[in-house]
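Colleague: Now for the letters of each chain:
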Amino acid sequence: MKPEDPIVGRSLGKLDGAKLAAGRPAFTDDFPVPGMLVGKILASSRAHARIRSIDTSRAKALPGVRAVLTWQDVPRVPHTTAGQAWPEPSPYDTFLLDSKVRFVGDRVAAVAADTRAIAEEAVRLIEVDYENLPAVLDMEQAMAEGVAVIHDEPDAKGIHDARHNLAGYILKELGDVEAGFREADFVCEREFRTHRQQHCPIEPHVTASWLDPDDRLTILSSTQVPFHARRQVAMILQIPVQRVHVIKPRIGGGFGGKQELLLEDICGALTLATRRPVKIEYTRAEEFFMARSRHPQVLRMKMGVKRDGSITASSLKVLATTGAYGSHALTVQGNTGSKVLPLYRTPNMRFECHVVYTNMPVAGAFRGYGCPQGFFAQESVVDEIAHDLGLDPIEFRRRNLIRLGDLDELSAQLGEGRKGLARTIRSCGMPQCLEEGAAAIGWQEKRQAPPARDGHLRRGVGVACSMQGSSIAGIDWGAALIRMNEDGSFHVMSGASDVGAGADTVMAQIAAETLGVTLDKILVTSGDTDTTPFDVGAYASSTTIISGGAVKKAAEKVRAQIVALGAKFLEVAPEAVVCRDNTVSAADGSGKCISMQDLARRATYKEKMQVMDHASHFITDSPPPFCAQFAEVEVDTDTGQVRVLHLATAIDCGVALNPALAEGQVEGAVAQGIGYGLYEEMAIDGQGVMRNPNFLDYKILAANDMPKLTTILVPTEEPLGPYGAKSIGEVAINGPTPAVANAIFHAIGIRFRKLPIRPEDVLRAWREKNRQEQPAAVTR
Amino acid sequence: MSAIEIDVTVNGAARRWRVAPGDLLLDVLRREGYGGVKRGCESGECGACTILLDGKAVLACLTFAAQADGREVVTIEGLSPDGKLDPLQEAFVEHAAVQCGYCAPGMILSAKALLDERPDPSEAEVREALAGNLCRCTGYVKPVEAVLAAARAKGGAR
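Here the protein sequences line up with chains A and B, keeping their order. Numbering-wise, the first sequence is residues 0 to 779 according to numbering that gives the first Met the number 0. Numbering-wise, the second sequence is residues 0 to 157 according to numbering that gives the first Met the number 0.
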């Protein structure tokens with residue numbers, strides 16, 4: 000029975016909101032440990048080189064230097080930095096420190112010193128004798144015969160074809176794609192190019208480690224995956240898992256970048272070497288080129304349609320680069336196929352992908368996880384086909400979109416680096432998303448009239464649809480433990496990792512709702528491997544559905560214990576007992592009741608019973624959230640500048656357990672998505688050096704750059720989610736780029752297929768178009 | 000380099016610190032326990048280390064500690080001295096303007112500097128005032144709403 004005033008579905012303030020707004024200690028660097036040393040990593044200045052020798056003598060002689068580690072000082076354990084469930088689908092091609100460097104920014108050595116200044120000076124004093132190797136910077140050349148082999152080490156594992164720099168390869172086909180294309184009246188095939196985007200969390204990666212009084216390695220870190228980090232650190236440093244304790248405090252933004260073991264291992268190694276607390280924090284520049292980024296891809300999207308607008312076949316061929324290491328290489332790219340193609344119904348689908356190594360900054364998990372690239376290609380092609388068929392882009396999509404009851408079989412083919420599980424669509428608000436989003440942007444008026452123009456300014460509107468998943472089916476799982484305190488409050492211990500999106504609050508709402516208590520009666524501890532039960536961590540849009548599912552199950556078991564006690568204390572049948580508003584009462588009309596507080600005290604001191612239970616949770620499906628996004632843009636044909644005026648997102652995330660937090664996820668993703676399409680790009684030069692590792696030259700949107708944002712939560716009820724919820728963390732990053740590209744086409748009649756869409760590209764294309772269309776007009 | 004002694008008023012309390020001439024105000028404040036001053040870029044681009052220096056929003060990473068000598072510094076800790084949140088902080092919590100919260104202290108102080116000078120700002124003025132505080136989580140919708148709501152609550156905001 001539900002309380003009158005449900006706690007789920009309400010925009011309640013975040014549990015950690017007050018302490019964060021007050022600036023109280025919350026983040027890794029806010030907890031100084033006495034005697035803490037500062038660690039610093041010497042980054043490779045070469046894109047590809049063998050280390051002939053390293054002279055650390057001058058660094059070690061510097062007063063205040065406590066340790067200098069090179070590859071000769073540490074265990075050699077092949078591993079992946081990807082924070083994924085074991086056994087990870089990413090190749091084991093990385094070493095704590097190695098005698099070879101594979102990109103500018105690769106680890107060469109690590110120092111621990113009394114102060115940051117000394118650590119930085121020590122790093123400068125390390126002399127490295129490099130033997131330069133030819134650098135492979137162009138992904139389109141990476142597989143060619145005779146090209147330098149980036150992973151020639153014999154002990155790497157799981158690389159698809161190391162000799163050809165091929166980290167991973169995927170080929171999956173449903174039906175018969177070639178037959179499908181033969182059946183088509185029109186075939187559209189286009190090539191798209193995407194670039195490197197960086198997560199840019201405002202808190203760079205930071206880790207502190209120390210030995211506790213029992214000599215266990217304690218690691219405080221800005222991680223999305225404390226349990227994976229614990230396992231990985233134990234493996235890399237060759238100590239038992241039980242000797243490692245990972246704590247995730249508040250973290251200052253993750254977006255997938257912190258689903259990666261970047262500092263925990265080397266920081267731990269410095270602690271073991273010095274027996275001292277050590278802290279390492281990336282500088283902003285290091286965060287750009289030493290952390291992770293979004294995989295650049297070259298995509299060939301092909302779609303066949305009949306005159307009636309039905310799709311006969313769709314095929315996507317991708318070449319992607321993972322950079323120097325294969326972290327998330329296979330799985331990000333798998334998603335480019337599995338989450339993108341099935342959005343439109345067709346019996347024939349094909350996805351092929353080569354993921355190659357290059358001597359470039361390493362790509363990894365990033366909100367959207369391969370989907371922003373894929374949807375940019377697919378939504379551009381779909382828009383082009385609709386235009387060519389003379390159909391409204393919304394109408395063409397409506398006819399072909401996946402719908403309630405459909406079975407998505409491509410997901411069964413493309414699992415987490417291996418065979419996966421098919422998806423059944425059990426909730427789908429896409430039709431309503433299209434309708435409400437179109438109304439918000441003013442689609443009818445703006446598309447029916449010719450595009451608005453004001454001198455050199457042209458306006459247009461565009462649409463894009465996308466979906467994602469909610470967890471990795473059959474792999475992601477989490478657990479929760481709930482304990483009643485003697486005052487009738489509850490302590491929820493959840494493995495979930497709140498990355499700022501509000502997981503702790505949503506877990507508390509689920510627990511409060513299920514237990515029949517108010518939110519203030521719930522205390523949450525999360526992200527501590529010594530205290531909380533296991534959880535894979537915050538990624539793959541899994542937290543609400545998986546960790547939340549675990550909390551709900553555990554709370555139901557605890558409620559059953561409370562009901563049993565209530566029945567005993569109230570002398571009624573258990574079936575007649577309800578928990579609501581911090582009270583346990585008999586619903587038999589007798590009016591008997593006991594406050595949760597009295598029940599708890601009685602259970603504790605009279606019954607001598609700890610009311611407590613736990614539950615584990617996983618699901619064998621990955622219910623997709625759906626999203627329709629609409630952009631209105633203004634193109635300045637004198638400068639090529641594209642200004643987004645309005646971006647409307649209508650999204651189906653099932654039941655939004657906390658609507659304000661759900662909106663926040665959409666608004667943040669949209670800002671990143673617009674940046675991806677128009678502004679953000681890691682500029683790497685011919686030596687593999689990033690030229691713009693700062694916020695002046697790498698532009699992320701500021702408050703005064705933002706267009707008007709409209710966010711519409713379209714309610715559906717997902718049977719597999721706790722209280723009907725699906726995910727919302729990622730999906731909204733997929734649509735802004737193609738919606739903007741399609742709006743630009745509406746405004747000026749030019750399609751852009753390379754990202755980011757820069758003013759110079761727009762201006763060049765606009766002038767080219769006018770030259771071709773009006774050869775006479777330019778003579779004078 | 001020889002240390003110098005500076006006298007600074009921080010959140011209303013007189014402090015005397017020995018600093019090196021090259022010490023940044025960011026490092027000294029964090030060292031002295033004002034952890035709400037965040038490190039995001041150390042080059043004046045992200046705004047996470049925003050503080051108020053004599054009432055103006057400035058970046059502690061672009062300010063030498065020595066420059067604060069004889070002046071008045073307010074950090075985020077100064078807005079809730081007795082543990083009770085300032086209405087502006089409350090508005091940030093209430094309007095879900097805090098996600099990861101790393102940029103929140105700087106953003107709140109930029110907003111405070113604005114509202115102290117201009118109690119009735121337009122939305123465009125709020126966006127301009129927050130333009131130096133990068134946030135990667137919120138898309139700025141809810142922070143802007145929070146500032147406008149706080150202004151309205153004080154009888155301002157157009």
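Please keep in mind that the hints were generated in silico from the structure rather than gathered at the bench. All C-beta atoms in this analysis are idealised placements derived from N, C-alpha and C, irrespective of residue type, glycine included. Heads up, some of the hints might be wrong.
As the list claims (entries may be wrong) - A short list of chain A residues far from chain B (calculated; beta carbon distances all over 12 angstroms):
| no. | residue |
| --- | --- |
| 1 | Arg123 |
| 2 | Arg275 |
| 3 | Pro714 |
What the hints assert, rightly or not - Heads up, simulated SDA-like pairs for lysine to any residue below, C-alpha to C-alpha not over 20 angstroms straight-line:
| no. | chain 1 | residue 1 | chain 2 | residue 2 |
| --- | --- | --- | --- | --- |
| 4 | A | Lys591 | A | Val571 |
| 5 | A | Lys18 | B | Glu127 |
| 6 | B | Lys83 | A | Pro24 |
| 7 | A | Lys520 | A | Val571 |
| 8 | A | Lys567 | A | Lys520 |
| 9 | A | Lys707 | B | Arg126 |
| 10 | A | Lys768 | A | Gly639 |
| 11 | A | Lys698 | B | Gly131 |
| 12 | A | Lys171 | A | Leu318 |
| 13 | A | Lys18 | B | Glu76 |
| 14 | A | Lys18 | B | Arg126 |
| 15 | A | Lys18 | B | Asp81 |
| 16 | A | Lys18 | B | Leu84 |
| 17 | A | Lys316 | A | Lys520 |
| 18 | A | Lys305 | A | Leu420 |
| 19 | A | Lys591 | A | Ala563 |
| 20 | B | Lys83 | A | Ala25 |
| 21 | A | Lys707 | B | Ser121 |
| 22 | A | Lys707 | B | Glu127 |
| 23 | A | Lys305 | A | Leu403 |
| 24 | A | Lys707 | A | Lys753 |
| 25 | A | Lys753 | A | Leu318 |
| 26 | A | Lys698 | B | Arg126 |
| 27 | A | Lys707 | B | Glu122 |
| 28 | A | Lys316 | A | Ala563 |
| 29 | A | Lys707 | B | Pro80 |
| 30 | A | Lys18 | B | Lys83 |
Colleague: Would you mind marking each hint as holding or not holding in the structure?
Modeller: Status of the hints after comparison with the structure:
1. Non-interface status of Arg123/A relative to chain B is upheld: no Cβ of that chain comes within 12 angstroms, the nearest being about 17 angstroms off.
2. Residue placement check: Arg275/A keeps its beta carbon more than 12 angstroms from all beta carbons of chain B (closest about 19 angstroms).
3. No Cβ of chain B approaches the Cβ of Pro714/A within 12 angstroms, the least distance being about 19 angstroms, so the stated non-interface status holds.
4. With a CA separation close to 9 angstroms, the supplied pair Lys591/A and Val571/A stays within the 20 angstroms bound.
5. At roughly 26 angstroms between alpha-carbon atoms, Lys18/A and Glu127/B are farther apart than 20 angstroms, so this suggested pair is violated.
6. Simply put, Lys83/B and Pro24/A have alpha-carbon atoms about 16 angstroms apart, close enough for the 20 angstroms limit, and the pair holds.
7. A hinted pair counts as satisfied when its Cα atoms are at most 20 angstroms apart, and Lys520/A with Val571/A does not qualify at roughly 26 angstroms.
8. For the hint linking Lys567/A to Lys520/A, the alpha-carbon distance of about 23 angstroms lies beyond 20 angstroms, and the restraint is violated.
9. Simply put, Lys707/A and Arg126/B have alpha-carbon atoms about 12 angstroms apart, close enough for the 20 angstroms limit, and the pair holds.
10. Taken as a hint, the Lys768/A and Gly639/A pair is honoured in the structure, with Cα atoms around 13 angstroms apart against an allowance of 20 angstroms.
11. Between the alpha carbons of Lys698/A and Gly131/B the distance comes to roughly 12 angstroms, so the proposed pair stays at or under 20 angstroms and holds.
12. The straight-line distance between the Cα atoms of Lys171/A and Leu318/A is roughly 15 angstroms, inside the 20 angstroms bound, and the hint therefore holds.
13. This hinted pair checks out: Lys18/A and Glu76/B have alpha carbons roughly 10 angstroms apart, not beyond 20 angstroms.
14. About 24 angstroms separates the Cα atoms of Lys18/A and Arg126/B, which puts this hinted pair outside 20 angstroms; it is violated.
15. Restraint check: the Cα-Cα separation between Lys18/A and Asp81/B comes to about 13 angstroms, which is no more than 20 angstroms; the hinted pair holds.
16. Of the supplied pair hints, the one linking Lys18/A and Leu84/B holds, its CA atoms being roughly 9 angstroms apart against a limit of 20 angstroms.
17. A C-alpha spacing of about 53 angstroms is found between Lys316/A and Lys520/A, which places the hinted pair above 20 angstroms, so the restraint is violated.
18. Distance restraint check for Lys305/A and Leu420/A: the Cα-Cα separation of roughly 30 angstroms exceeds the 20 angstroms cut-off, and the hinted pair is therefore not satisfied.
19. Restraint check: the Cα-Cα separation between Lys591/A and Ala563/A comes to about 15 angstroms, which is no more than 20 angstroms; the hinted pair holds.
20. For the hint linking Lys83/B to Ala25/A, the alpha-carbon distance of about 17 angstroms falls within 20 angstroms, and the restraint holds.
21. Between Lys707/A and Ser121/B, the direct Cα distance comes to roughly 15 angstroms. Compliance with the 20 angstroms bound is thereby established for this hinted pair.
22. Restraint check for Lys707/A and Glu127/B: the C-alpha separation of about 15 angstroms stays at or below 20 angstroms, so the hint holds.
23. For the proposed pair Lys305/A and Leu403/A, the alpha carbon gap of about 23 angstroms is over 20 angstroms, so the pair is violated.
24. With a CA separation close to 25 angstroms, the supplied pair Lys707/A and Lys753/A exceeds the 20 angstroms bound.
25. A hinted pair counts as satisfied when its Cα atoms are at most 20 angstroms apart, and Lys753/A with Leu318/A qualifies at roughly 14 angstroms.
26. Taking the CA atoms of Lys698/A and Arg126/B, the gap is near 17 angstroms; set against the 20 angstroms cutoff, the hint holds.
27. A threshold of 20 angstroms between alpha carbons decides the hint, and for Lys707/A with Glu122/B the separation of about 12 angstroms falls inside it, so the pair holds.
28. About 59 angstroms separates the Cα atoms of Lys316/A and Ala563/A, which puts this hinted pair outside 20 angstroms; it is violated.
29. In summary, the hint linking Lys707/A to Pro80/B is not supported, as the alpha carbons are separated by about 36 angstroms, beyond the 20 angstroms threshold.
30. Restraint check: the Cα-Cα separation between Lys18/A and Lys83/B comes to about 11 angstroms, which is no more than 20 angstroms; the hinted pair holds.
Violated hints, in rising order: 5, 7, 8, 14, 17, 18, 23, 24, 28 and 29; the structure is consistent with all others.
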